[in-house]
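Asks: Starting from the given sequences, assemble the full structure and let the hints guide the process.
Spelled out from the first residue to the last, the chains are:
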Amino acid sequence: MLRTSERSQKQHPPEMMQDQQWASRLVECIGHMGSQHTNSVLLSLDGRKKVKPYERYPETPYYFGNKHWRAFYHCHEAQNLPQGEHGHYHFFTRENICDEWSHVVAMGMDDYGQPTRLFTTNLWVTDGKWFSISQFMSQIAVLANSQDEDLATDWLKYVLLLFQYEISDLLITRDNKVERLFPRYQEQCFLDRSVYYLSEMKINLNKQLLDVFSLQQD
Amino acid sequence: MKHKTGKVIMGATLSLAAIAVAIDHTQHKLPDVETATSDEQDMMESGTPCGLGVAPCSLGEDGGDGSDAED
Chain A
1 MLRTSERSQK QHPPEMMQDQ QWASRLVECI GHMGSQHTNS VLLSLDGRKK
51 VKPYERYPET PYYFGNKHWR AFYHCHEAQN LPQGEHGHYH FFTRENICDE
101 WSHVVAMGMD DYGQPTRLFT TNLWVTDGKW FSISQFMSQI AVLANSQDED
151 LATDWLKYVL LLFQYEISDL LITRDNKVER LFPRYQEQCF LDRSVYYLSE
201 MKINLNKQLL DVFSLQQD
Chain B
1001 MKHKTGKVIM GATLSLAAIA VAIDHTQHKL PDVETATSDE QDMMESGTPC
1051 GLGVAPCSLG EDGGDGSDAE D
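One line per chain: the protein sequences are A and B, in this order.
Its first residue numbered 1, the first sequence is counted upward by one per residue in our numbering.
Its first residue numbered 1001, the second sequence is counted upward by one per residue in our numbering.
Treat the hints as calculated values from the structure; they're not laboratory data.
Source: prediction; values computed, not measured.
By construction, the Cβ of each residue, glycine as well, lies at the ideal position given by its N, Cα and C atoms.
Keep in mind that a hint or two might mislead.
What the hints assert, rightly or not - To spell it out: a stretch of chain A is covered by chain B in this simulated footprint if at least three of its residues, at any positions, have a beta carbon under 8 Å from a beta carbon of chain B; those stretches are:
{"id": "1", "stretch": "39 to 50"}
{"id": "2", "stretch": "65 to 75"}
{"id": "3", "stretch": "85 to 95"}
{"id": "4", "stretch": "110 to 119"}
{"id": "5", "stretch": "123 to 135"}
Replies: Structure representation (structure tokens):
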């Protein structure tokens, strides 16, 4: 996770202002969830008392960002996940409505519905194609300029916007790791089932929000 | 945004401690995950366990154009 000093070095004042606006909207979403005694994952599970492994939630897919972004939540068996991780969201994006979806990042959630890590996976895990950093940043701009929709997708939207720099770093690390593992034929990496994760970063939503608002107070 | 009431945030006057409290109010134990069947395990081992599994503009039940999300 970027520390406050690193974040401020990376950002110019307009970007910092945007961060603070997104953080404010995210806190607003969190407040609404709290008042409804729920959280993002519970909204995605829509009242289910048991969760089936590998099933995608919610049943009606999440589309947001003017239908250029998509997400679902799912769980693997506990032995395939880090201790304390209940499941994770997968985020996909596309430049045009009829384009193939591109996996961007996944976000692990703990047993109490709080984000714990961001990670990228090998291509065989999600299929589709990958976007470059510049394409990702373009899609972030699409997301930033999209209308808010509902509590569940707004929370996802503002988490993505708030962690966009961390996600960029993860995508760079992902691409570098593929180059390092398979310097001559990178396509071999995409099908190599011994390679599952390509980059990973622990996150703390509370700390991220504090960092953004601390900058605001400077 | 459809959920306009009960704002927690008040711009720069937001108490940083209030963020932690707000997040704390969203901490709820999630339902247990069932044990995977052998078919599901096979899918994990041989398929694309975290993919969308849809053609972008197919006419399938989840066609990928987002139209079903609005119905």
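Asks: Decide, hint by hint, whether the structure agrees.
Replies: Hint-by-hint comparison with the structure:
1. For the stretch 39 to 50 of chain A, the stated coverage by chain B holds: 8 residues have a C-beta nearer than 8 Å to a C-beta of that chain, and at least 3 were required.
2. Residues of the stretch 65 to 75 of chain A lying with their CB closer than 8 Å to a CB of chain B number 5, which satisfies the three-residue condition for coverage.
3. Beta-carbon proximity to chain B at under 8 Å applies to 5 residues in the stretch 85 to 95 of chain A; the threshold of 3 is reached and the given coverage holds.
4. Residues of the stretch 110 to 119 of chain A with a Cβ under 8 Å from some Cβ of chain B number 4, which satisfies the need for three, so the listed coverage holds.
5. Coverage of a stretch by a chain is defined here by at least three residues with a beta carbon nearer than 8 Å to that chain's beta carbons; for the stretch 123 to 135 of chain A and chain B the count is 5, and the condition holds.
The structure fails none of the hints (numbered hints given earlier).
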